[in-house]
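S.K.: Protein chains in written order, with the numbering used here: chain A, 1 to 303; chain B, 1 to 312; chain C, 1 to 366.
Treat the hints with care, since some could be wrong.
To be verified - Pairs of lysine to aspartate or glutamate residues, derived as DMTMM-like cross-links and limited to a Cα-Cα distance of at most 25 Å, are as follows:
#1 Lys-182(C) / Asp-76(C)
#2 Lys-30(B) / Asp-248(C)
#3 Lys-200(B) / Glu-193(A)
#4 Lys-153(C) / Asp-25(C)
#5 Lys-119(B) / Asp-23(A)
#6 Lys-111(C) / Asp-74(C)
#7 Lys-177(C) / Glu-193(A)
#8 Lys-130(C) / Glu-159(C)
#9 Lys-252(C) / Glu-303(C)
#10 Lys-103(C) / Asp-195(A)
#11 Lys-107(C) / Asp-69(C)
#12 Lys-178(C) / Glu-159(C)
#13 Lys-192(A) / Asp-25(C)
#14 Lys-73(C) / Glu-30(C)
#15 Lys-281(C) / Asp-248(C)
#16 Lys-224(C) / Glu-30(C)
#17 Lys-73(C) / Glu-193(A)
#18 Lys-119(A) / Glu-17(C)
#19 Lys-103(C) / Glu-193(A)
#20 Lys-177(C) / Glu-220(C)
#21 Lys-167(C) / Asp-351(C)
#22 Lys-192(A) / Asp-54(C)
#23 Lys-120(B) / Asp-213(B)
#24 Lys-132(C) / Glu-193(A)
#25 Lys-119(A) / Glu-53(C)
#26 Lys-123(B) / Glu-193(A)
#27 Lys-192(A) / Glu-220(C)
#28 Lys-119(A) / Asp-69(C)
#29 Lys-130(C) / Asp-195(A)
#30 Lys-89(B) / Asp-261(B)
#31 Lys-192(A) / Glu-313(C)
#32 Lys-119(A) / Glu-94(C)
In short, the hints are calculated from the structure, not lab data.
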Amino acid sequence: MSTVAIDKAGPSRKVKYGSMSRDRAWALRWSYFFLVLFAIFFLTPPVYMLITSLKSSAEISAATNPWWVFHPTLSNYVELLTSNQFLRFFWNSSIVAIVVVIITMLISIPAAFALARMKFWGSATLATGVFLTYLIPDSLLFIPLFKMLAVIQDLTGITLLNRWYVLLFIYPTLTVPFCTWIMIGYFASIPKELDEAALIDGASWLQTLTRIFIPVALPGLIAATIFAFTVSWAQFLYPLVFTTSVDQLVLPVGITTTLIKGDVFNWGQIMTGALLGAAPPLIIYAFLMDYYIAGLTAGATKG
Amino acid sequence: MADVVVQQGRVARTSGTRKRGSLRNALGHKSTVAFFLTLPLILLIVLLVLYPAFYSVYLATLNKAMTKFVGLGNFTFLFKRETFWMVVKQSCIFAITAVVFKALIGFIVAHFVHNIPGKKQRKWRGMLLVPWVIPPAMSTLAWLWLFDPSYSAFNYTLSFFGVGPIPWLGDTFWARFAVILVNVWYGAPFFLIMYLAALKSVPDQLYEAAAIDGANWWQRIWYVTLPMMRNIIAITTLFSLIVTFANFDIVRILTSGGPLDTTHLFATWAFQVGIQSSDIPLGACVSLFMVPILAVAAIFILRDVTKRGNEA
Amino acid sequence: MADVSLRKVIKRYDDVEAVRGIDLDIADHEFIVLVGPSGCGKSTTLRMIAGLEDISDGDIMIGGDVVNDVPPKDRDIAMVFQNYALYPHMTVAENMSFGLRLKHYPKAEIKARVTEAARLLDITDLIDRKPKQLSGGQRQRVAMGRAIVRNPKVFLFDEPLSNLDAKLRVQMRIEIKKVHQKVRTTTVYVTHDQVEAMTLADRVVVMNKGRIEQIGTPNELYHKPATRFVAGFIGSPAMNFIPCRLEDVAGKLQIRLTDRIAFALPPARAARYNALPRNDKLVLGIRPEHLTESHAHLEPGIETFDTVLDVTEPMGMETLVYFGLEGTPVCGRVNPNAGATDGAPMRLAMDLNNMHLLNEETGAVL
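Could you build all of it, start to finish, from the sequences and the hints given here?
M.R.: Structure representation (structure tokens):
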């Protein structure tokens, strides 16, 4: 507003300057306008999940305004959170995600340390291989993995198919390459003098790793942990292929296969389940957004 | 004193060669340590990624009962099926359209976010990234409900404008539109974040210099922003191309490939053929058709990422 | 405390020799500075003493023991790095005590040593801060503190002041000297800055292309450089090198700089250079401070000549004047009141008592 005043009052020489800042003010207004439009586009599904989850089946089937809750109720939440089956899904998902995070870190951190700091025969090839592995999608491997598990099951007599714990071995193929890759980047950014100082201070390589590298690269470690957790939590294809019994399912598969039964009016529960399933990553994201984004963008930089 | 030192040196030199041998042992020891540190990683990649990948090729050469080697029989069988060619076409349409729109929307929104004052950027960025954070299987359920044939909230809204009802998932065109829309919705925030990070890395002085040289906003984008971001745009686009091409969750939940298999992608069709219809060799064969395009994209990503690393 | 000796130490990277046979004896308590241009092998030499680089050939002894294959932690050395290399996640006290804690020293002793070092370096107030909260100079002190608490046999400094601004560098230079005077630990200090080398060292080792050019006290290097490299490297502005030749004129030896300018050598110099062949290519080395404005009463051995100045640089306490002698750029230092101006003619005096004569081909100072 003040720019307009300057425009009128000032000598003609200032017009150029005035028009520039007026341009900027308009650019800002347009930016907000479009940001609001895009925010509506991006937030409609989750908001609609929430709206539907607060409705009773009767209200959903009554076909009133779908964008508004006339008789809010928590009955969907109560029903799901007291259902053994749903809690079982939640428990399976949690245990899988947490154990996969631990396995991922145990594999990734030492490997990234070795690849970032110890030049050995084939280390460059291995680092490239790690990155390429990260680019191999799950939809390429689910069929051979399924058959492999079936063959191993036949050979050893150990039940692998239709057991949630088999996911503990499969998920790391998705998490370890990326986590190793970004940890190589974080470790490589630590100045070489720091390990030399530690070496002179008398630290072994293990002490250098645990007492210098891990604490210094903690932001990277958090980003990698978040990544491993969210990937494990969201994975849909592998559990859909490898598990079928209701007590072995993880959340995404459990919700999509058991709550959809052709009963159209079950949408309240489906949306509640989906929202509860989306909650853990959303909560982590809300509190650790900066680490989340750091992990997201780190993949595009070379380690 | 110096004499003593020299003498000790001479004595020491005789044992020097032997000691240097032990140093070589120590170096050997170092690479042994490195080997053990990377061993779990190597085992994981070899046993659960490389082996299955080659196993897949082997499986693709067997007959349905997996009792007989049929060579390229599965491939020639696929070439004769109309559904296969439809899947090829739909996979390409889906991946290319979705990636283009994700890239465009991400680029545009990144500029809008970059335009607003720094303090508010965090909040907006946080809001706009939500689709990427929600597990796609969960958010696609919300879309499924939004597209519901009888209760679609979209159709309810459109009815006020005298439009519709649109058979979102029942008609081939709209079903294809819907799966692309959901994929764009899910993936655009990733582009947004990558572009925003890239935009922030362009020094302000470059824009100021361009403004002094008389460039308008469009020229600033064309001559400053795009060249500076070229590498990150390439990496993000290629990466997204791989992920989109190999997409499973969205199509599986939204349409399961229907209506009449017209929205199937390689992944969903391979799942239907290989797992649901228990024709593992044919399923493996279908998913192997993803390899060429994935390999090409991967090679280009690797080149760009290495180049980026060298620049840094 | 200990002496350090290097015997024909060689470092090869593949087939490139970075260090080509260094022989050096460093006495107990001595402060030695390795100086030279980048890539001269000084840092590599220091890192070999530290044990951070393997040596390709030769021997390194600390306190009389050959340490060629001894890992850094067992060499009883401490090192201060150019970028300080402080552990960013530890406080100052934790940084300083890390080495002692790894060696499981009793807590009371660790605390006593850290307190003592902090007092010595005047960083007692900073002890609980993280490196990020410290200025460059403070970080430098902490890095030194980390070295001091370990009470090592040898201190190694790798360009410790390069990351500081000019003013702080002078201040920290004095600080380092003071600390050395107190703890008297044998010190090897690497720098590319000849002023640092001159001000800090008991003895300076000038290195070039992987070899030692000269070892000597700062004064020896300045007044009696052994090679053209040392003569040119030590001193700022650098020594002038002017092509010249010797002539016999009427039984006296004279030095000819240009067709126009030739001076009779003072007797001491004439005696020294008399045996040299007359037609050899020679170079006159003369420091800028021995090229001053002319006075009415000149001492013997000081000769005058006229020239036209190209550029002058008033520095306050002196003015640097630049001119050419048959295409050779020459620098002199004159009194600011001598009236030197850009483009003006000026009569200058050359102090031949402080001249050096060098062989143009070998670079040896004759």
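S.K.: Is the straight-line distance between the alpha-carbon of Lys-119(A) and that of Glu-94(C) 25 Å or less?
M.R.: Violated. Lys-119(A) to Glu-94(C) sits at ~30 Å, over the 25 Å cutoff.
S.K.: Under the criterion that the straight-line Cα-Cα distance not exceed 25 Å, is the pair Lys-192(A), Asp-25(C) satisfied?
M.R.: violated (29 Å)
S.K.: With the threshold set at 25 Å, check whether the alpha-carbon distance from Lys-107(C) to Asp-69(C) stays at or below it.
M.R.: Given that 25 Å is the threshold and the Cα spacing comes to 31 Å, the pair is violated.
S.K.: Check whether the Cα positions of Lys-192(A) and Glu-220(C) lie no farther apart than 25 Å.
M.R.: Since the Cα atoms of Lys-192(A) and Glu-220(C) sit roughly 37 Å apart, the hinted pair is violated (cutoff 25 Å).
S.K.: Given the proposed pairing of Lys-192(A) with Glu-313(C), does the C-alpha separation stay at or below 25 Å?
M.R.: violated (42 Å)
S.K.: Take a quick look at whether Lys-73(C) and Glu-30(C) sit within 25 Å of each other, Cα to Cα.
M.R.: holds (22 Å)
S.K.: Between Lys-192(A) and Asp-54(C), is the straight-line Cα distance small enough, at 25 Å or below?
M.R.: Distance ~16 Å between Lys-192(A) and Asp-54(C) Cα, so the pair holds.
S.K.: Given the hint that Lys-178(C) pairs with Glu-159(C), test it: the Cα-Cα distance must not exceed 25 Å.
M.R.: holds (18 Å)
S.K.: Lys-252(C) and Glu-303(C) were given as a pair; does the straight-line alpha-carbon distance stay at or below 25 Å?
M.R.: holds (15 Å)
S.K.: Straight-line Cα separation of Lys-103(C) and Asp-195(A) no greater than 25 Å?
M.R.: holds (17 Å)
S.K.: Given the hinted pair Lys-119(B) and Asp-23(A), is their alpha-carbon gap at most 25 Å?
M.R.: holds (21 Å)
S.K.: Given the hinted pair Lys-103(C) and Glu-193(A), is their Cα-Cα distance within 25 Å?
M.R.: holds (20 Å)
Against the hints set out earlier in the document, violations occur for numbers 2, 3, 11, 13, 21, 23, 26, 27, 31 and 32.
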